[in-house]
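Peer 1: Sequence:
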Amino acid sequence: STPSQKGVGIAGAVCVTGKLPPRGQCRLEFSLAWDMPRIMFGAKGQVYYRRYTRFFGRDGNAAPALSHYALCRYIDWEEKISAWQSPVLDDRSLPAWYKSALFNELYFLADGGTVWLEVPEDSLPDELVGSMCQLRPILQEYGRFGYLEGQEYRMYNTYDVHFYASFALIMLWPKLELSLQYDMALATLREDLTRRQYLMSGVMAPVKRRNVIPHDIGDPDDEPWLRVNAYVVHDTADWKDLNLKFVLQVYRDYHLTGDQSFLRDMWPVCLAVMESEMKFDKDQDGLIENGGYADQTYDGWITTGPSAYCGGLWLAAVAVMVQMAVLCGAKDIQDKFSSILRRGQEAYERLLWNGRYYNYDCSPQPQSCSIMSDQCAGQWFLKASGLGEGDTEVFPTQHVVCALQTIFEFNVRAFAGGAMGAVNGMQPHGVPDRSSVQSDEVWVGVVYGLAATMIQEGLTWEGFQTAEGCYRTVWERLGLAFQTPEAYCQQRVFRSLAYMRPLSIWAMQLALQQQQHKKASKPGAQQGTGLGTGLSTGPNLGPKEATAKP
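For the sequence shown, position 218 matches number 218 in the UniProt record's numbering, and the numbering has no gaps at all.
Worth flagging that the hints you see were computed from the coordinates, not collected in a lab. Treat the hints loosely; a few may be bogus.
[Claimed, not checked] Cross-link-like lysine-lysine pairs, in silico, BS3-like; alpha carbons within 25 Å at most: (1) K518 <-> K99; (2) K44 <-> K208; (3) K80 <-> K175; (4) K208 <-> K279; (5) K519 <-> K99; (6) K19 <-> K44.
Given the sequences, and given the hints that come with them, work out the whole structure.
Peer 2: Following this line, the structure appears as C-alpha cells:
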C-alpha cells in the first residue's frame, strides 16, 4: 500500500488500568479477535463463509462480539482443556516426550491452511445426494472441513496421507471426519474427463475418473471441492492404495462412532471403489499387483507385482468388506469377498513371507527383499477397527509380531544408533535401501503408525522406543517444533515442513486405550484413574505405576 501521510491514524491500541496494592496481585485480561467471514479461493469462483458465521453473522463486523465472547468464556475453555488433557498428563506411566508430542502435534489441525466452511446449497447435486441419506444433514450441520497435505504441498485433504492423520479427527472431532468422508464419497462418484499430462510418465489421461477415490480435494489456488486432483505427478486413478484406504477408514470410523447410517450411506461407494480395484488382480489369485512404478503414497518408490504394503491394505480392505456385508445383510457379497480373502491370504503368504518379514515386493531387483517399516499397515487398521485377531484374523499373528520385531531390529536399532525412528526401507544386511529418494527417509507419520501397531501387538516398549526417536529428532535436534516435516534422512536433511501425516500419533493413543480396555475387561481387573500403558513390561524402564481405565 502507499505510505501513510503524517497525522493519519493507521493503528490502534487498548489499555487497561487497575489498582495494585502493596504486595498485591492484579489480573488484566485482554482478548484478540479478528473477523474474516468470507473466503474465495484462487479461481475466485465460489464464495464461501466460515462456519462460525452462523453464530456471529457474515458482515465482517463481529470482532467486538467475538472478543467479548472469548473474555466471558475463556476460563471455562481452559478448564475443559485441562479436563481433556489431564488423564494423559497425570499418567506417570507415560513418558514426558509422548505427552508433548500427543497434544502439540495437533497444531497442524489449526495451522495447516485449515478451512471450516458453510456448505453452499447448490454444491450438493440431488442426483448424487439421493443415495446417501445423511450426507446433506451432516454437511449442513457440521460444515465442510479442509486441511492441506502440508504447508509446502498445497492440496486439501490429500487422502493417502489423511489415512494416517485421520486418527486425530475421528478420536477428537468425529463429526468433522464423517463430513470429510462424505465429501470424499461425493468426489468419488463424480468425473472430470478433461485430459492433462502427468509429469512422471508423460501420459495424457483424465483429471478424475468415476468410482475411484481422488488423491485430493483440490488446490487452494484453484477451486477446491469443485475441481479435485490438483496432484499431477502420477495419474492416481491407477494408484493401488487410495480405494483401499477409503474402505478401511469407513469401517474404522463406523467402529469408533457406531454410526450405522454412515455405514449404510458409504456401503454403495465402498462396493464401487472395490469393483474398480478388482482390475489390479490381473492373475485372479485374490491379491492385487502393483504396476511397476510408484503407484501408492510412496510416490517416488517403485513397486512391482504383489507387495507387502498394497497387498496388505488389499487383504485388510477385503476383510472389512466381508464385515460390512454382514452388517448390511448382503450374503452374496459376503460370500464373494470371503472367497477372495481366502485366495488372497494364501497368495500373500506364499509370495511375500520369507520367514522373518514380508518382502517389499516381487520384482527381480535386489531391493524386493527390503524390510519396509510400513508393511503391517493393513493389520494396523484392522486392529484399530476391532478386527484382525481370533475369528477375524487375516495375517497370522506370529508373522505380524515377527515382522514388527524384525523392523525394530533393523529399521530402528540398526539405523542411526536407534535414535531417529524407523527408516522406510532397510536391506536385510543392515544397510538402508537407497534404491529411491524415499526408501532411505524416515516418515514421521509412518513411524507413529508403526509404533501404534507395535502397541496393538503387545510390543509396547518397542513402540515407544521407536516413536521417541522421531520426537527427539524433530522437536529437539532439528529444532522443528510445530512444523514437523514429512520426512528426514540420517544426514539431518528434511523435506516438506509442517505436514499432515504426523497427526497419526493419535493412533498410538487409541492403541493404548484399546489395550487398557482389554485389560479392564478381564476378570479381576482393577479400575484406575489414568490411562495406564503397560510401559513397565519393557526393559530398562524401571518400575512404573500401571493403572487401567478404558
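Peer 1: For each hint, tell me whether it holds in the structure or not.
Peer 2: Cross-check of the supplied hints:
{"no.": "1", "hint": "K518 <-> K99", "result": "22 Å, holds"}
{"no.": "2", "hint": "K44 <-> K208", "result": "22 Å, holds"}
{"no.": "3", "hint": "K80 <-> K175", "result": "19 Å, holds"}
{"no.": "4", "hint": "K208 <-> K279", "result": "17 Å, holds"}
{"no.": "5", "hint": "K519 <-> K99", "result": "22 Å, holds"}
{"no.": "6", "hint": "K19 <-> K44", "result": "52 Å, violated"}
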